[in-house]
Structure formats: structure tokens, C-alpha cells
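Chemist: The lines below spell out each chain.
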Amino acid sequence: MVNPGYRHFKGEDWVDPTPPPASLPAVEEVGSTRAPLNSASYFIGSVCSEYNEDFMLCKNESRSPEHCLLEGRKVTRCAIDVLQKIQANCRDQFRAHWQCLDANNQEFAQCRAPEKTYNRCLFAALGWKKAIPDAPADRSLVYE
Amino acid sequence: MSGNPAAQDLPPKGGFPAFKYERNLPKRGPSGVAMFAICGGIMAYGWYKLHYALGERHELQREKMWARIHVTPLLIAEADRDEYRRRHAAVEREKAIMKDVPGWVPGQSVYNGKRYVPDTIANIPLHQQAGFKKD
Numbered sequence: 001m002v003n004p005g006y007r008h009f010k011g012e013d014w015v016d017p018t019p020p021p022a023s024l025p026a027v028e029e030v031g032s033t034r035a036p037l038n039s040a041s042y043f044i045g046s047v048c049s050e051y052n053e054d055f056m057l058c059k060n061e062s063r064s065p066e067h068c069l070l071e072g073r074k075v076t077r078c079a080i081d082v083l084q085k086i087q088a089n090c091r092d093q094f095r096a097h098w099q100c101l102d103a104n105n106q107e108f109a110q111c112r113a114p115e116k117t118y119n120r121c122l123f124a125a126l127g128w129k130k131a132i133p134d135a136p137a138d139r140s141l142v143y144e
Numbered sequence: 001m002s003g004n005p006a007a008q009d010l011p012p013k014g015g016f017p018a019f020k021y022e023r024n025l026p027k028r029g030p031s032g033v034a035m036f037a038i039c040g041g042i043m044a045y046g047w048y049k050l051h052y053a054l055g056e057r058h059e060l061q062r063e064k065m066w067a068r069i070h071v072t073p074l075l076i077a078e079a080d081r082d083e084y085r086r087r088h089a090a091v092e093r094e095k096a097i098m099k100d101v102p103g104w105v106p107g108q109s110v111y112n113g114k115r116y117v118p119d120t121i122a123n124i125p126l127h128q129q130a131g132f133k134k135d
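Each protein sequence line maps, in turn, to chains X and R.
The numbering of the first sequence is full-length UniProt numbering, which starts it at 1 and goes up by one.
The numbering of the second sequence is full-length UniProt numbering, which starts it at 1 and goes up by one.
Treat the hints as calculated values from the structure; they're not laboratory data.
For each residue, glycine too, the CB sits at the ideal point set by N, CA and C.
Some hints here could point you the wrong way.
What the hints assert, rightly or not - In the BS3-like style, the derived pairs of lysine-lysine whose C-alpha atoms are separated by at most 25 Å in a straight line are:
# : chain 1 : residue 1 : chain 2 : residue 2
1 : X       : K85       : R       : K64
2 : R       : K49       : X       : K59
3 : R       : K64       : R       : K49
4 : X       : K116      : X       : K59
5 : R       : K64       : X       : K116
6 : R       : K64       : X       : K59
7 : X       : K85       : X       : K116
8 : X       : K129      : R       : K64
What the hints assert, rightly or not - Pair by pair, the computed Cβ-Cβ distance ranges are:
#  : chain 1 : residue 1 : chain 2 : residue 2 : range
9  : R       : D119      : X       : A135      : 35 to 45 Å
10 : R       : I121      : X       : G31       : 21 to 31 Å
11 : R       : V105      : X       : E107      : 46 to 56 Å
12 : R       : K64       : X       : D81       : 23 to 33 Å
13 : R       : G46       : X       : R77       : 45 to 55 Å
14 : X       : Q110      : R       : I121      : 39 to 49 Å
15 : X       : A124      : R       : G46       : 39 to 49 Å
Unchecked claim - Far from chain X, some chain R residues (derived; all Cβ distances over 10 Å):
#  : residue
16 : L10
17 : R23
18 : A37
19 : G41
20 : W47
21 : L60
22 : I76
23 : A79
24 : Y84
25 : A90
26 : K99
27 : V101
28 : P106
29 : V110
30 : N123
Model the full assembly from the supplied sequences, consistent with the hints where possible.
Modeler: Spelled out as C-alpha cells, the structure:
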């Protein structure tokens with residue numbers, strides 16, 4: 001990777017190829033770009049809320065990266081699990097939604113039509129429901 | 001002049017037309033109160049719509065924020081793992097380089113406190129590896 005204006009400054013020079021220490025249990029990384037993560041975010045948030053909160057409480061104790069490796073692995077595994085479940089059950093609707101997000105600057109408001117079918121499919125297949133915390137009760141939900 | 005009968009000026013037949021002394025302002029358009037009420041009505045409708053539009057925009061912004069909040073732990077966990085790996089590799093390299101110096105503690109913080117401080121300088125390994133050639 002070469003940044004514009006930095007031809008002498010190769011991105012490869014900044015990559016440390018050393019593998020992680022063997023004492024660390026192996027984890028798969030999520031390896032997803034922004035749009036699928038954005039599309040799945042509310043379901044990651046609701047399904048993995050325990051692991052996420054646990055991790056953030058741990059990070060609150062110390063910002064050191066080695067302090068919360070265990071909790072972080074749980075968070076990542078849970079997120080991978082959610083993404084795989086979405087892929088297994090609502091692959092086409094998921095793809096339609098995240099490709100729409102990618103084409104519309106990650107704006108949820110521009111992608112309500114694919115989002116509706118996607119949310120409906122997930123609710124039918126897995127019983128997952130999107131919910132924005134502290135949404136005002138006297139108004140209709142912004143995503144419906 | 002004596003034999004000449006006086007030629008008196010007389011009004012025209014049918015008399016002079018009535019003299020307009022009252023102000024004459026014909027009614028043009030709606031009254032002031034009505035215009036005020038119409039303008040007020042338009043503004044009230046605008047504010048009403050704006051109220052709901054702002055509420056909706058607020059909700060959309062909240063939706064985006066929560067989407068980010070839900071994936072934040074995941075992103076931090078991934079970045080932490082990478083940072084830990086790089087830091088570990090850097091300390092291993094430091095150990096190998098400074099093995100002949102007695103009393104050297106590899107990876108020791110420059111601060112006395114226990115608070116975690118990330119490295120301010122990126123530790124680049126390549127030029128430290130054997131066989132590295134600068135092109």
C-alpha cells in the first residue's frame with residue numbers, strides 16, 4: 001500500500017510479520033469490512049451483549065492490551081458466530097442490505113427497503129429483533 | 001352696462017355633481033387580522049413539521065451511533081490483539097539485542113506509574129532483521 005505523497009514510505013515497511021506468541025490461544029479474526037459489520041451491528045449488539053459488556057468493563061479496569069485478551073477472544077468468537085448464523089439463514093437479504101449500505105455511504109436511512117426484508121427474515125429464522133436503546137415510545141420506530 | 005341684463009353664471013342642467021369630501025378606500029384583499037392569522041398558520045405548520053423532522057433526524061443519528069457502539073468491543077479486541085502481538089515481538093527483539101547488557105530489563109516502561117501508555121514510536125522490525133537490504 002502506498003499513500004499518495006508518500007512514495008518513499010512503503011506501507012509494507014510498517015507491517016510486523018511476526019506471528020503471535022504460541023502461549024496465546026488462537027482466534028480467527030472477523031475479517032469483515034464496514035458494511036457487513038454495520039448491517040449486523042444491532043444483532044451483534046443484542047446477541048453478544050454479555051461478552052461485549054464484560055469486555056468493556058475489563059477495558060475500564062485497564063487500557064493495557066494484554067489485560068483483556070481473554071474477554072476479547074470471547075467477543076470476537078461471538079461476533080463470528082452471529083455473522084455465520086446470519087450468513088446461514090438470511091444470506092441474500094444480508095447481502096442486499098450491506099451492499100446497499102456500501103453504495104449509500106453507510107446510511108441506514110437510505111436502505112430501509114432491503115433492511116425491512118432482512119430484519120423480517122432474521123426474526124423469522126432466528127427470532128432476533130433490531131432495537132435501538134432508549135427509543136422514544138411516543139413515536140414510530142425510525143427503521144419501520 | 002345699465003341696459004344689459006345681468007348674465008348670471010348658472011349651474012349646469014341637473015346641478016353640479018356631488019362633491020367628494022369623504023375618503024374613499026375600497027376594500028382590497030383580506031384584512032390585516034386575516035393575513036396575520038394566515039401567516040401565523042403557515043409558521044405554526046412549519047414549526048410542527050420541523051419538530052418532527054428534528055426528532056426523526058435525532059433518531060437516525062442515534063441509530064448510527066448505536067450501530068458503532070455495538071461493534072466497538074469487537075474492533076478494540078481485534079486491535080488489542082494486534083498491538084499485543086507487535087509489542088511482544090518488539091520485546092523479544094529487544095531481548096535478543098540487549099542480551100549482553102547486564103541489568104537491562106526488556107520492555108520496561110519509561111514511566112514509574114502503573115497506567116498503560118501506548119508506544120509513541122512505531123517499532124519497525126524489518127531493518128533489524130538479518131538479511132535486510134535497503135533498496
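Chemist: Is K64 (chain R) within 25 Å of K49 (chain R), Cα to Cα?
Modeler: Distance ~23 Å between K64 (chain R) and K49 (chain R) Cα, so the pair holds.
Chemist: Below or equal to 25 Å on CA atoms is what counts here, so check K85 (chain X) against K64 (chain R).
Modeler: Given pair K85 (chain X), K64 (chain R) holds - Cα atoms ~23 Å apart, limit 25 Å.
Chemist: Run the distance test for K49 (chain R) versus K59 (chain X): straight-line Cα separation, threshold 25 Å.
Modeler: Distance ~43 Å between K49 (chain R) and K59 (chain X) Cα, so the pair is violated.
Chemist: With 10 Å as the threshold, tell me whether V110 (chain R) passes as away from chain X on beta-carbon distances.
Modeler: Since the minimum Cβ distance to chain X is about 15 Å, V110 (chain R) lies beyond 10 Å and the statement holds.
Chemist: Taking 39 to 49 Å as the stated bounds, is the beta-carbon spacing between A124 (chain X) and G46 (chain R) within them?
Modeler: Holds - the Cβ-Cβ distance for A124 (chain X) and G46 (chain R), about 42 Å, lies within 39 to 49 Å.
Chemist: Within 25 Å, alpha carbon to alpha carbon, are K64 (chain R) and K116 (chain X)?
Modeler: holds (17 Å)
Chemist: Run the distance test for K85 (chain X) versus K116 (chain X): straight-line Cα separation, threshold 25 Å.
Modeler: holds (18 Å)
Chemist: Using the Cβ atoms, figure out if V105 (chain R) sits within 46 to 56 Å of E107 (chain X).
Modeler: holds (51 Å)
Chemist: For K64 (chain R) and K59 (chain X), compute the direct alpha-carbon distance and say whether it is at most 25 Å.
Modeler: holds (23 Å)
Chemist: With respect to the beta-carbon atoms only, verify the hint that D119 (chain R) and A135 (chain X) lie 35 to 45 Å apart.
Modeler: holds (41 Å)
Chemist: For A79 (chain R), is the shortest CB-to-CB distance to chain X above 10 Å, so the non-interface label stands?
Modeler: violated (8 Å)
Chemist: Does W47 (chain R) sit more than 10 Å from chain X, CB to CB?
Modeler: Correct as stated: the minimum Cβ-Cβ distance to chain X is 17 Å, above 10 Å.
Checked against the numbered hints listed earlier, the structure breaks hints 2, 4, 21, 22, 23, 24, 25 and 30; every other hint is satisfied.
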